[in-house]
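Asks: Letter by letter, the chains look like this.
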Amino acid sequence: MQETRHQFRESLKELETQTLGGLDLVIAQLDRALESLSYSDVELASMVVADDDRIDGRYLEVHQGILSLLARQAPVATDLRIVAALLHAIRCIERMGDQCVNVAKLVPLSGYESPKDKEILDAIERMGNLARSQVSQAKEAFASRNVELAQDLVNQDAEINRLNREIFKRAVEIGDDLDMREWGMFMILVARCLERIGDNTVDIAEQVVFVVTGLFREMASNSAPTT
Amino acid sequence: MSAITQLPQISARRRATDRAMRGVLWTATGIALIPLVLVIYYLIHKGAGQWTSNFFTTDPNGNFFGNHGGIRSAIFGTLELIGIASAIAIPVGIAVALYLTEYGKDSLFANVVRYFVDVMTGVPSIVFGLFIYIVLVVSKVGGSGFAGWKGALAVTLLMLPIVIRSSEVVLLLVPSSLREAALALGSPRWRVITRVVLPTSASGLVTGSLLAVARGMGETAPLLFTVSYTMTATGNPNTLMNTLPVQIYNDIHSPEPAVIARAWGAALTLVAIVLILNLLARAISRRSRMA
Amino acid sequence: MIPDGTTSKDPTKMPDAKGPSEQTETAPPREATRARTAEGHAVNVSDLHAYYGANEAVKGIDISFPPNEVTAIIGPSGCGKSTMVRCINRMHEEIPGARATGAVKLDDLDLYAAGVDVTAVRRLIGMVFQKANPFPTMSIFDNVAAGLRLTGQRGSDLRETVHKALRSVGLWEEVKNRLNAPGIGLSGGQQQRLCIARTVAVGPEVILMDEPCSALDPVATLKVEELIDELKERYTIVIVTHNMQQAARVADSTVFMLDGLVVEHGPTTEMFTNPSDERTERYVTGKFG
Chain S
1 MQETRHQFRE SLKELETQTL GGLDLVIAQL DRALESLSYS DVELASMVVA
51 DDDRIDGRYL EVHQGILSLL ARQAPVATDL RIVAALLHAI RCIERMGDQC
101 VNVAKLVPLS GYESPKDKEI LDAIERMGNL ARSQVSQAKE AFASRNVELA
151 QDLVNQDAEI NRLNREIFKR AVEIGDDLDM REWGMFMILV ARCLERIGDN
201 TVDIAEQVVF VVTGLFREMA SNSAPTT
Chain P
1001 MSAITQLPQI SARRRATDRA MRGVLWTATG IALIPLVLVI YYLIHKGAGQ
1051 WTSNFFTTDP NGNFFGNHGG IRSAIFGTLE LIGIASAIAI PVGIAVALYL
1101 TEYGKDSLFA NVVRYFVDVM TGVPSIVFGL FIYIVLVVSK VGGSGFAGWK
1151 GALAVTLLML PIVIRSSEVV LLLVPSSLRE AALALGSPRW RVITRVVLPT
1201 SASGLVTGSL LAVARGMGET APLLFTVSYT MTATGNPNTL MNTLPVQIYN
1251 DIHSPEPAVI ARAWGAALTL VAIVLILNLL ARAISRRSRM A
Chain X
2001 MIPDGTTSKD PTKMPDAKGP SEQTETAPPR EATRARTAEG HAVNVSDLHA
2051 YYGANEAVKG IDISFPPNEV TAIIGPSGCG KSTMVRCINR MHEEIPGARA
2101 TGAVKLDDLD LYAAGVDVTA VRRLIGMVFQ KANPFPTMSI FDNVAAGLRL
2151 TGQRGSDLRE TVHKALRSVG LWEEVKNRLN APGIGLSGGQ QQRLCIARTV
2201 AVGPEVILMD EPCSALDPVA TLKVEELIDE LKERYTIVIV THNMQQAARV
2251 ADSTVFMLDG LVVEHGPTTE MFTNPSDERT ERYVTGKFG
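Residue numbers (this note's numbering), protein chains in the order written: chain S, 1 to 227; chain P, 1001 to 1291; chain X, 2001 to 2289.
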């Protein structure tokens, strides 16, 4: 059976590739932001800030592509759900990019000689790794329409949330040194940005479930602290 | 892909072929038109002079000398005969056509009927005359030998297949969507026929009937055997009647040139009557249809 | 118990007809604000088979058409949707060699019961066709009145009925000064609305529409769709359409047919955002090769 609406399917696939490509951009930005943080590399940090334009540009491209597709092709059923999901996802991607920029902007502020706490640094590193793997998993789940993979993201996100609370507690108890305390506050902000990135991947996971099942369910997690 | 720099011109040979074809078609049209024009010309040339008031108001009187009289009885007779024949042939013919298109459609019986109607259109008119002669005239049915109504019957048989065939064609042209619409409104079938099918095909039916009337008016052979000839007009259909074709037939054989001239006048009259009927019917159908 | 042609068409006067107070069931939430006129009649098709000679075009269908709602029937060419709809008002049997078995019920009245007057069925269930077919020999007024005259009804309120029908299809303003002009002088969209007025004038309970807009331009199409939306206050409407966007715009629920059978039947929003059957998904998204 020959496929009809060839042009439409090509356009839709292209749109999806563009959107998921945005997740690759996010991963790159995240890596560099965290690196600039650990090495206090101001130049790298400013590169991250500048490169956010690419993510914003990707957002506009996808947004325009979706409008065009809706106007000209009138997608329905699964196609419609995919389009709606892509629109939602690209917004999450744009926000994730902004979070990376927030992390990068904290670099010059935390100073070159500032004292650091090893526990917090480790936790941040672990959070960073988790965030990256979540973004990657979100991309995989969407591309392969894998509902289990999507739902697993919730579990991973629980871990990021736990780490966030840990860092907070540790920063509060960090001691009397002013510089240290200041550094601790900045780390709380960084942790928060990473936690937000995690939440956005869960949003994307919800969209995956929506595309496959047609049902939209809020997935548990987010920030309500249980302990 | 090469650019188109110049559009090709029509070749001289194609132009010549085109002209030749056109010439051939014009010639054929001319060949067909010439006899028609000649006939009309001769009719008018030879017959128009006969149209005097005397011509229309006196009966032929069989005199050898002097005033030969007009053709009044012939005109009345023809009109009366055709009137009777049409009164039978047209309603019956349309009814048969309605049966064939609305009810019979493609059934075996309907197809058999169609076949026989087709055969009847080809039967020579003299056969109808003979048939009526043997069945009605010889056995003196109705108390007379030759009679107007018997001639009318012969002409009816002649007209019937023409009315049926042409009516069927016209009825088939009524789009089935109209019938569907009427049926879907909850109309019983007979009302669909009377209120939708017949009004829509009215002008076509009229034209078809006219064709039949024109044919019937001019036939001589059947009338010779069934109505014969007389000179007076009594209006009584149960006796001999004069008719235009028979009048012409008789007059042509006369040695008197004046009588022959009268025949031309009668022929022109016949054609004129057909023309008038035609125009009348068209005017009626145009008014009944929403133009 | 058999509707005969001469009694009035008010179904409440027929024995065995349910009263018109069936609308106490819960309406879906977003419809709650629309005031139901509590006059609707449902159509129920059960185990319908339809044949053209030996060829089975409809192979056993069960559908119910809810009262005062628009149900659209979609499906590829030859799937039997037009045939099925024509079985509802018993037009199918007008084709030589065609027959249908099964039951079609208007509320509780079995339209295929023995001895039922077919013309009465058609007065209860009107039909609008794909190509507008106003009667060419009749004026606008006569066209609308045709339904009444063809069924032998006379009346001093004939004019009333005709004017009301023209108003209800939105044609009144456009033709009120030329009611005697020929019906075929109108534009395509107006002609189709004229045919709808003609159908409505007879006073049916259900209106069947067989691709009513496929011969119309987009503006005329939208006008007819508006009209359908208004008409459903008073009638139950079934519309066969090739145009999926139209079904999506106009219908409360949609039926997808394939090869003489019903594949899926559900609320239109669901059919077009999340259909349950794979075949529906493929047809609706255009993956049908």
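Among the hints, a few may not be true.
Only pairs whose alpha carbons sit at most 35 Å apart, straight line, appear in this in silico DSBU-like list of lysine-lysine [stated by the list, open to error]:
#1 K2105(X) - K2131(X)
#2 K2059(X) - K1105(P)
#3 K1105(P) - K2105(X)
#4 K13(S) - K2176(X)
#5 K1105(P) - K2131(X)
Hints were generated in silico from the structure; no laboratory data involved.
Asks: Is K2105(X) within 35 Å of K2131(X), Cα to Cα?
Replies: holds, 27 Å
Asks: Would the pair K1105(P) and K2105(X) pass a check requiring their Cα atoms to be no farther apart than 35 Å?
Replies: holds, 31 Å
Asks: Taking 35 Å as the top limit, are the C-alpha atoms of K1105(P) and K2131(X) close enough?
Replies: holds, 24 Å
Asks: Hey, K2059(X) versus K1105(P), does the alpha-carbon distance stay inside 35 Å?
Replies: holds, 28 Å
Asks: Between K13(S) and K2176(X), is the straight-line Cα distance small enough, at 35 Å or below?
Replies: violated, 55 Å
Violation of the numbered hints given earlier is confined to hint 4; every other hint is satisfied by the structure.
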